[in-house]
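Participant: Here's the letter readout for the chains.
There are 2 protein chains.
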Amino acid sequence: MKEKELIQIIKSTLNSEYIGDDCAYLKDLGIVISQDSLVEDVHFSLDYTTPYQLGWKSAAVNISDICASGAKPKYLTISLSLPNKVNESFVKEFYQGAKSVSNDVEIVGGDITGSDKIYISVCAIGLTNGRKISSRSNAKVGYKVIVSGEHGNSAEGLRLLQKGILTPEKFVRAHLMPVPQIDFSEYLAKNADFDYAMMDTSDGLADALIQIANSSGVAIKIDTSKIPHDTSLNMETVLYGGEDYGLVAAIPSEFACSYPVIGEVIAGAGLIIDGQKFVNIDNKLYNHFEEKNEN
Amino acid sequence: MKEKELIQIIKSTLNSEYIGDDCAYLKDLGIVISQDSLVEDVHFSLDYTTPYQLGWKSAAVNISDICASGAKPKYLTISLSLPNKVNESFVKEFYQGAKSVSNDVEIVGGDITGSDKIYISVCAIGLTNGRKISSRSNAKVGYKVIVSGEHGNSAEGLRLLQKGILTPEKFVRAHLMPVPQIDFSEYLAKNADFDYAMMDTSDGLADALIQIANSSGVAIKIDTSKIPHDTSLNMETVLYGGEDYGLVAAIPSEFACSYPVIGEVIAGAGLIIDGQKFVNIDNKLYNHFEEKNEN
Numbered sequence: 149m150k151e152k153e154l155i156q157i158i159k160s161t162l163n164s165e166y167i168g169d170d171c172a173y174l175k176d177l178g179i180v181i182s183q184d185s186l187v188e189d190v191h192f193s194l195d196y197t198t199p200y201q202l203g204w205k206s207a208a209v210n211i212s213d214i215c216a217s218g219a220k221p222k223y224l225t226i227s228l229s230l231p232n233k234v235n236e237s238f239v240k241e242f243y244q245g246a247k248s249v250s251n252d253v254e255i256v257g258g259d260i261t262g263s264d265k266i267y268i269s270v271c272a273i274g275l276t277n278g279r280k281i282s283s284r285s286n287a288k289v290g291y292k293v294i295v296s297g298e299h300g301n302s303a304e305g306l307r308l309l310q311k312g313i314l315t316p317e318k319f320v321r322a323h324l325m326p327v328p329q330i331d332f333s334e335y336l337a338k339n340a341d342f343d344y345a346m347m348d349t350s351d352g353l354a355d356a357l358i359q360i361a362n363s364s365g366v367a368i369k370i371d372t373s374k375i376p377h378d379t380s381l382n383m384e385t386v387l388y389g390g391e392d393y394g395l396v397a398a399i400p401s402e403f404a405c406s407y408p409v410i411g412e413v414i415a416g417a418g419l420i421i422d423g424q425k426f427v428n429i430d431n432k433l434y435n436h437f438e439e440k441n442e443n
Numbered sequence: 149m150k151e152k153e154l155i156q157i158i159k160s161t162l163n164s165e166y167i168g169d170d171c172a173y174l175k176d177l178g179i180v181i182s183q184d185s186l187v188e189d190v191h192f193s194l195d196y197t198t199p200y201q202l203g204w205k206s207a208a209v210n211i212s213d214i215c216a217s218g219a220k221p222k223y224l225t226i227s228l229s230l231p232n233k234v235n236e237s238f239v240k241e242f243y244q245g246a247k248s249v250s251n252d253v254e255i256v257g258g259d260i261t262g263s264d265k266i267y268i269s270v271c272a273i274g275l276t277n278g279r280k281i282s283s284r285s286n287a288k289v290g291y292k293v294i295v296s297g298e299h300g301n302s303a304e305g306l307r308l309l310q311k312g313i314l315t316p317e318k319f320v321r322a323h324l325m326p327v328p329q330i331d332f333s334e335y336l337a338k339n340a341d342f343d344y345a346m347m348d349t350s351d352g353l354a355d356a357l358i359q360i361a362n363s364s365g366v367a368i369k370i371d372t373s374k375i376p377h378d379t380s381l382n383m384e385t386v387l388y389g390g391e392d393y394g395l396v397a398a399i400p401s402e403f404a405c406s407y408p409v410i411g412e413v414i415a416g417a418g419l420i421i422d423g424q425k426f427v428n429i430d431n432k433l434y435n436h437f438e439e440k441n442e443n
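Protein chains in written order, with the working numbering: chain A, 149 to 443; chain B, 149 to 443.
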């Protein structure tokens, strides 16, 4: 089963208003909360990741989820399950990496248990502080789509690392030590007097766009020439690579900001990339590209 | 390395006031937060655990941590890492079990990823609601020690389950579906106008007592004949069995309550069981008993 089908099962079992966005918005407490896991040999490999980098990335990807909501990242708890091969210095360097992502975020708890492989689960709390909180279902026809950061770098970095290649450092670093887009998030959330949709691009830029389109009941039309990316990368890597932890948002067209506009929200369904319409089910979106590759 | 040594490393790396108790008390938000994990073949086996029971226990042990702080359990997020062998009905039954522990607790988020084995990490939030929050370092000389629930039942249940024996149901149920001590916690936290120490007995009653004694810089003296337990169990199982998820607290001797008093806080260090003093390092405490068994 795919992750998204299982989430549908969870949603229907719990019958909860909270499940759906990357963060749950707990209005009574003025916080958002999210939890994400990294599993050895699924999400990372110690062959090319240092304990410091692993700690950094574990914290960064969860801080990124909070940024996607517009809240201010504040607290983390970290649950580590570690095999015997892991020693004292691993734990020390892991936490040094985790706490280095942001001086404004404090690690306040968690636990350690034994396991066969390394499992890391991080829970992140963000403060709403009167900010406007996003939802992926908030995109409206006429909105523009903006994006932060270059896309595709992380996937290229992973490709290089898996071949044992450590340069260009820009790509490798994008994969191992992603930087959560705190400024982009804060700028939008502090200045928004409107509903807006925002997601991080952890599963790829195209995936985030289609999630927003589907949740909002609209179509999103993008112009790939407007997406910031390294010109050495092909557009498939840029659109589908994943793990760049940029942010993509749909906001009113009149809202002034300096971030690149890559598209617009229109009536309909699905994602329209350079005039070509893609189906609105994400695995078909992937399948389409697989078919293209075979031609 | 032992869990407790690793926690010391984390504490010194983070230099945080929060690490130490099972919950972090975030005063600015009026909440406590804790995170705990269950790993397949370390903490449970599908040989004798249904998905419903696993969901129940995952929620219950984290609700128990919140109870140990005195806060009111309110929200959970659950991170599941699942191998391919796990199907739709597993996820559904797991969440049905998790949500059945308490009607007052809501599951608001989490994620699902792939993995080799089942790995569950739950983050729990409790509301302080003006209650007095406990700390394991709050025991004072002259306090009495009270306990909730029978001890040893869960360990006996595990012993039976591992042999394929499913009765007496009381023991098996104590292991598979522990009940967090919400009433005991609420009674104490709502009525306390004093500092008090409280822990759950997840790692065993003796372990909780010595953690409180060590953190508070006192000794704790107990009379095993006062500990509620099934008379078919030996005292080692009652003291060291673990996973009963009872609560043990050190409170002023004049505070009136109907819970069994099993001992008192005195000057000194370590744990005094029926007049016999045990060293104040928990693995030596265990070793002592191992030596005794050999005689």
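Don't read these hints as lab results, they were simulated from the structure.
Any given hint might turn out to be false.
Same chains, same label: a pair holds when it works inside one copy or across any pair of copies.
Derived EDC-like pairs: lysine to aspartate or glutamate, alpha-carbon spacing no greater than 20 Å straight-line [what the hints assert, rightly or not]:
hint	residue 1	residue 2
1	K311	D252
2	K288	D252
3	K150	E236
4	K247	E165
5	K265	E241
6	K240	E153
7	K150	D195
8	K233	D343
Participant: Decide, hint by hint, whether the structure agrees.
Facilitator: Verification of the supplied hints:
1. K311 x D252: So K311 and D252 fail the 20 Å test inside a copy (36 Å) and across (51 Å) alike.
2. K288 x D252: So K288 and D252 fail the 20 Å test inside a copy (33 Å) and across (36 Å) alike.
3. K150 x E236: This pair counts as between: shortest inter-copy Cα distance 10 Å, intra-copy 36 Å.
4. K247 x E165: between (32 Å within a copy, 14 Å between copies)
5. K265 x E241: Classified as within: same-chain Cα gap 18 Å, cross-chain 26 Å, threshold 20 Å.
6. K240 x E153: between (37 Å within a copy, 12 Å between copies)
7. K150 x D195: neither (27 Å within a copy, 25 Å between copies)
8. K233 x D343: neither (49 Å within a copy, 41 Å between copies)
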